[in-house]
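Participant: Here is how the chains run, residue by residue.
There are 2 protein chains.
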Amino acid sequence: MSLQFELMQHKNKIEVCFTPAVFPEFENPEAIVVIVDILRATSAICTAFMSGVERIIPVGTLEEAEAYKNKGYLVAAERDGIVRDFADFGNSPYNFTRERIEGKEIVYSTTNGTNCIMLARNHHKVLIGAYLNITEIAGYVISQQRDLLILCAGWKNKFNLEDTLFAGALSEMVLKNEAFYTICDSTLASVDLWNLAKTNLLKYIDKVAQRHRLKKNKLDDVIEYCHTFDLTKIIPVLKDNYLVRLNYPYNN
Amino acid sequence: MSLQFELMQHKNKIEVCFTPAVFPEFENPEAIVVIVDILRATSAICTAFMSGVERIIPVGTLEEAEAYKNKGYLVAAERDGIVRDFADFGNSPYNFTRERIEGKEIVYSTTNGTNCIMLARNHHKVLIGAYLNITEIAGYVISQQRDLLILCAGWKNKFNLEDTLFAGALSEMVLKNEAFYTICDSTLASVDLWNLAKTNLLKYIDKVAQRHRLKKNKLDDVIEYCHTFDLTKIIPVLKDNYLVRLNYPYNN
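Protein chains in written order, with this note's numbering: chain A, 36 to 287; chain B, 36 to 287.
Read the hints as simulated data drawn from the structure, not as lab findings.
Here the structure is a predicted model, which is why all the values come from computation and not from measurement.
Watch out, some of these pointers could steer you wrong.
[What the hints assert, rightly or not] Ranges of calculated distance between the beta carbons of each label pair, as one might list FRET restraints: (1) A:242 / B:235: 21 to 31 Å; (2) A:252 / B:132: 52 to 62 Å; (3) B:117 / A:256: 50 to 60 Å; (4) A:157 / B:138: 52 to 62 Å; (5) B:277 / A:253: 49 to 59 Å; (6) A:63 / B:138: 42 to 52 Å; (7) A:156 / B:242: 28 to 38 Å; (8) B:235 / A:62: 34 to 44 Å; (9) B:242 / A:238: 26 to 36 Å; (10) B:114 / A:64: 20 to 30 Å; (11) B:179 / A:247: 24 to 34 Å; (12) A:63 / B:267: 37 to 47 Å; (13) A:263 / B:235: 28 to 38 Å.
Where is the CB? At the ideal position from N, CA and C, for every residue including glycine.
Only chain A is shown next, with the shape it has when bound in the complex (with noise of 0.2 Å):
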């Protein structure tokens, strides 16, 4: 059997890109985007919504995050790990608690996962994914039939390790179904490298780089709790310039 008619047996592909910096080679308008910033954006994205918050609102510059502020909104802005004076406070997943956010209207700008967001706009879905809902992820995605494309934050346009063992538990997960395949070298190796590590993932996760930022800036007690998975069914979703809740059964 030709790689070719086997192709054509799995329709939709699914592709991993490691760094915003590369998206433009992988833009695929027809796909759904997921985006990855395991520490600490998107699990604290995942929390938020867990915690009831009611919209967010993704920005990518400071600037405009204080803007936001002096309009009276509640702000979490950090750059390098490191809340900024005028917000009302950082990306720790910790900070979105019930009684600071639910029923509440939030803007968020952190050092790599918000300019992600606005990056991938123009697909067909932008999904905010985490270990925290990646089982819920993986089936939204079979469900709708659709090609993947996984975004990582990685660090200022360079790869990570942590976003990229994301990706691969995610890309496995989905692969199972036979409507989908890759030849895409990244997503091989992000499958490889989470086999690797899943079996002792906190062990694995030790060795990564931002690891050792966030415990510089004493900012490392959420790596485990952003290693955990499916603590929610939650979606978040960009709809116009704002992040909601995907409906379930999914129609919006």
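Model the placement of chain B on the given structure of chain A, informed by the hints.
Facilitator: Here is chain B on its own, set in the frame of chain A:
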């Protein structure tokens, strides 16, 4: 022992850049850069020197290559694995026979590899790396006690597996010297992928996208050759705008 203290003991860092698109994030003028395009540019360049070529002029565009042809140069030029009409031959290592090129100067332009060479030209040294000369490259880098930056040509600004595996193999060799360290996630991933692949390298390579591309164009006869270790002690190096042999004991 703190991480900071540990790193001070190992003064030379190793980084891997997966595609030329993100090279600006890695620039480090004091570093030795090793260019990698295993299938097939850097394997072919090593082979050309093994066959006694005097020097190679790497050019980025086909227009430049054709201009050299019109001036009477021997020209190797391809795009997407296909030899261009005006060229004398393409970038299969098998083209670079002693009969054709011994003692000559040739011009060389490929889809991904030659652009990388020029991109890194402002660094301390730019070396051409392949499995064919990997042990010699590792020995040279260790002898120089400088930072090592491995630049993978990738495929049209995307990550590829075959260059990454080589980056992992070379990093692992150099990291055995205690004066070298890495905290770079892409280096760590490369080393892990290399260790996964190395016991059956050709079987692992069987899944990579570039193999399918070469097979489609009936150019996959070189894959085994391009994954052969240590056929030569020659290290091609960029000197001004030319690739020449690095003089042993390394004084050029």
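Participant: A separate judgement is required for each hint: does it hold in the structure or not?
Facilitator: A quick look at each hint next to the structure:
1. A:242 / B:235: 21 to 31 Å: holds (25 Å)
2. A:252 / B:132: 52 to 62 Å: holds (58 Å)
3. B:117 / A:256: 50 to 60 Å: holds (55 Å)
4. A:157 / B:138: 52 to 62 Å: holds (55 Å)
5. B:277 / A:253: 49 to 59 Å: holds (52 Å)
6. A:63 / B:138: 42 to 52 Å: holds (49 Å)
7. A:156 / B:242: 28 to 38 Å: With Cβ atoms ~33 Å apart, the hint holds.
8. B:235 / A:62: 34 to 44 Å: With a Cβ separation near 35 Å, residue 235 of chain B and residue 62 of chain A satisfy 34 to 44 Å, so the hint holds.
9. B:242 / A:238: 26 to 36 Å: holds (27 Å)
10. B:114 / A:64: 20 to 30 Å: About 27 Å separates the Cβ atoms of residue 114 of chain B and residue 64 of chain A, which means 20 to 30 Å holds.
11. B:179 / A:247: 24 to 34 Å: Holds: the Cβ-Cβ distance is about 27 Å, inside 24 to 34 Å.
12. A:63 / B:267: 37 to 47 Å: Taking Cβ atoms as reference, residue 63 of chain A and residue 267 of chain B lie about 42 Å apart, which means the hint holds.
13. A:263 / B:235: 28 to 38 Å: holds (35 Å)
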